[in-house]
Amino acid sequence: SQQGEEDPQALSIQEGENATMNCSYKTSINNLQWYRQNSGRGLVHLILIRSNEREKHSGRLRVTLDTSKKSSSLLITASRAADTASYFCADPYNTDKLIFGTGTRLQVFP
Amino acid sequence: ETGVTQSPTHLIKTRGQQVTLRCSSQSGHNTVSWYQQALGQGPQFIFQYYREEENGRGNFPPRFSGLQFPNYSSELNVNALELDDSALYLCASSQWPNNYGYTFGSGTRLTVV
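Residue numbers (the working numbering), protein chains in the order written: chain A, 110 to 219; chain B, 322 to 434.
I should point out that these hints are in silico values taken from the structure, not numbers from a laboratory. Note that beta-carbon positions come from the ideal geometry of N, C-alpha and C, so glycine has one too. One thing to keep in mind: the hints can contain errors.
What the hints assert, rightly or not - Far from chain B by the CB rule (all over 10 Å, computed), these chain A residues: (1) D116; (2) A128; (3) T129; (4) N161; (5) E164; (6) H166; (7) R171; (8) L174; (9) L184; (10) T186; (11) A187.
What the hints assert, rightly or not - Covered by chain B, per the in silico footprint, the following chain A stretches (three or more residues, Cβ under 8 Å): (12) 145 to 158; (13) 206 to 217.
Can you build the whole structure from these sequences, using the hints too?
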């Protein structure tokens with residue numbers, strides 16, 4: 110398994126704006142996963158992108174993957190106050206263990 | 322289909338005591354992982370259980386131990402509690418091989434005083 114490193118550490122935007130956060134990793138990926146965590150709660154699985162995919166959409170979420178740069182990005186369009194949370198990326202990479210970084214803390218102001 | 326349930330939701334213990342946290346995995350999942358999350362940090366991997374055996378461990382001392390039962394539910398035991406053990410403990414279940422992501426419980430908030 111490998112740890113994804115999220116960037117930026119913190120992001121503040123107004124409602125209606127788009128939010129972009131990035132994830133970098135050191136080795137090959139298999140099934141890169143993005144999670145959201147509301148304050149003090151459990152993590153919620155948002156989206157999974159496989160190594161042979163370049164882009165994936167789910168509602169207002171768009172995830173891209175660049176295997177040559179070993180990076181992924183998560184775009185949240187038309188942000189809402191309810192999107193305020195921490196966002197994490199991770200990939201079990203054949204060991205089925207998710208190792209998380211410190212995440213991106215997103216604050217969306219009404 | 323039920324999700325992951327953790328109990329208790331909150332717990333206060335005294336330094337030196339022992340604690341047991343419980344987790345019921347999502348129906349159809351055969352793997353359980355435990356995480357410790359200190360305030361402002363990302364979840365730290367403690368260990369994972371698959372088919373009732375420990376299947377990988379993070380950088381945690383032996384006083385952190387666990388069990389997985391035939392119904393795939395799990396326990397996390399921590400002996401000789403220290404103040405630094407105060408954290409949110411998260412349980413996550415998955416189906417190995419994992420192609421669909423993990424399902425997390427809401428966590429147990431442990432405070433050691």
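Right, here's what the structure says about each hint:
no., hint, in the structure
1, D116, "holds (13 Å)"
2, A128, "holds (19 Å)"
3, T129, "holds (19 Å)"
4, N161, "holds (13 Å)"
5, E164, "holds (18 Å)"
6, H166, "holds (16 Å)"
7, R171, "holds (17 Å)"
8, L174, "holds (15 Å)"
9, L184, "holds (19 Å)"
10, T186, "holds (22 Å)"
11, A187, "holds (24 Å)"
12, 145 to 158, "holds (count 7)"
13, 206 to 217, "holds (count 7)"
Consistency with the previously given hints is maintained throughout, with no hint failing.
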